[in-house]
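Trainee: Make the full structure from the sequences, and use the hints.
Note that the protein sequences, when read in sequence, are chains W and B.
1 is the number of the first residue of the first sequence in our numbering; add one for each residue after it.
118 is the number of the first residue of the second sequence in our numbering; add one for each residue after it.
Everything labelled a hint here was simulated from the structure, so no lab data went into it.
Some clues are possibly wrong.
[What the hints assert, rightly or not] With a Cα cut of at most 27 Å, we get these calculated DSSO-like pairs of lysine-lysine:
1. B:K213 to W:K70
2. W:K9 to B:K225
3. B:K176 to B:K225
4. B:K213 to W:K9
5. W:K83 to B:K213
6. B:K168 to B:K213
7. B:K173 to W:K57
8. W:K57 to W:K71
In this text the structure is predicted, and so the values were computed from the model without any measurement.
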Amino acid sequence: DGGITQSPKYLFRKEGQNVTLSCEQNLNHDAMYWYRQDPGQGLRLIYYSQIVNDFQKGDIAEGYSVSREKKESFPLTVTSAQKNPTAFYLCASSISPGLARYTGELFFGEGSRLTVL
Amino acid sequence: GQQVMQIPQYQHVQEGEDFTTYCNSSTTLSNIQWYKQRPGGHPVFLIQLVKSGEVKKQKRLTFQFGEAKKNSSLHITATQTTDVGTYFCPMEYGNKLVFGAGTILRVKS
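Mentor: Have a look at this one:
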């Protein structure tokens, strides 16, 4: 089945440690996104990528890093520089906005819930 | 930065009552999407509206895009407990979808 897979589902880390969240899609989508969600709040964009080997900062990129070496993969690293990393992280993909007049439907993974102890 | 204004922030209704949530933008939009996120789940796409004044229906859900393409609404007729969740109307700004806080819907049975 086509879809988007995030791992791990739950992750605990100590302060000062970096952690990498995995996001893989087999939908052949060019665009991929990382959002952060805090309890009772909306989704805030961290990074997005519209094509392999290229990505842009979203609204809250500080303390995070990404790579896009393959079309199907868009891992997110939460670094020790991120002041308040405990949150629910959501990865999504869509057809490239460049192929349409506007961004298409976002397909979300099930999310990764990170807790910093 | 860009902001998505959605009201109400929270609504608690009796099962069988109708429910409406509204989204507003200060700028003209090319399109608007709607998503539903169940408690503990991830957002799931409901619909995309692109034409001025467009109205689309999905069973008990009615979606509308304003004539000026600056606002949109989602109306649920006769709510059911399965409608519980947060409804988002992300707006597109420069190939990015910007999500607001959404409207949290709770349904009393």
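Trainee: So, for every hint listed, does it hold in this structure?
Mentor: Structure-based check of all given hints:
1. With a CA separation close to 21 Å, the supplied pair K213 (chain B) and K70 (chain W) stays within the 27 Å bound.
2. Restraint check for K9 (chain W) and K225 (chain B): the C-alpha separation of about 30 Å exceeds 27 Å, so the hint is violated.
3. Taking the CA atoms of K176 (chain B) and K225 (chain B), the gap is near 21 Å; set against the 27 Å cutoff, the hint holds.
4. Distance hint between K213 (chain B) and K9 (chain W) is fulfilled; the C-alpha atoms sit about 25 Å from each other, no more than 27 Å.
5. Of the supplied pair hints, the one linking K83 (chain W) and K213 (chain B) holds, its CA atoms being roughly 24 Å apart against a limit of 27 Å.
6. For the suggested pair K168 (chain B) and K213 (chain B), the alpha carbons sit about 19 Å apart, so the restraint of at most 27 Å is met.
7. In summary, the hint linking K173 (chain B) to K57 (chain W) is not supported, as the alpha carbons are separated by about 34 Å, beyond the 27 Å threshold.
8. A threshold of 27 Å between alpha carbons decides the hint, and for K57 (chain W) with K71 (chain W) the separation of about 18 Å falls inside it, so the pair holds.
Hint compliance for this structure: hints 2, 7 are broken, all remaining hints hold.
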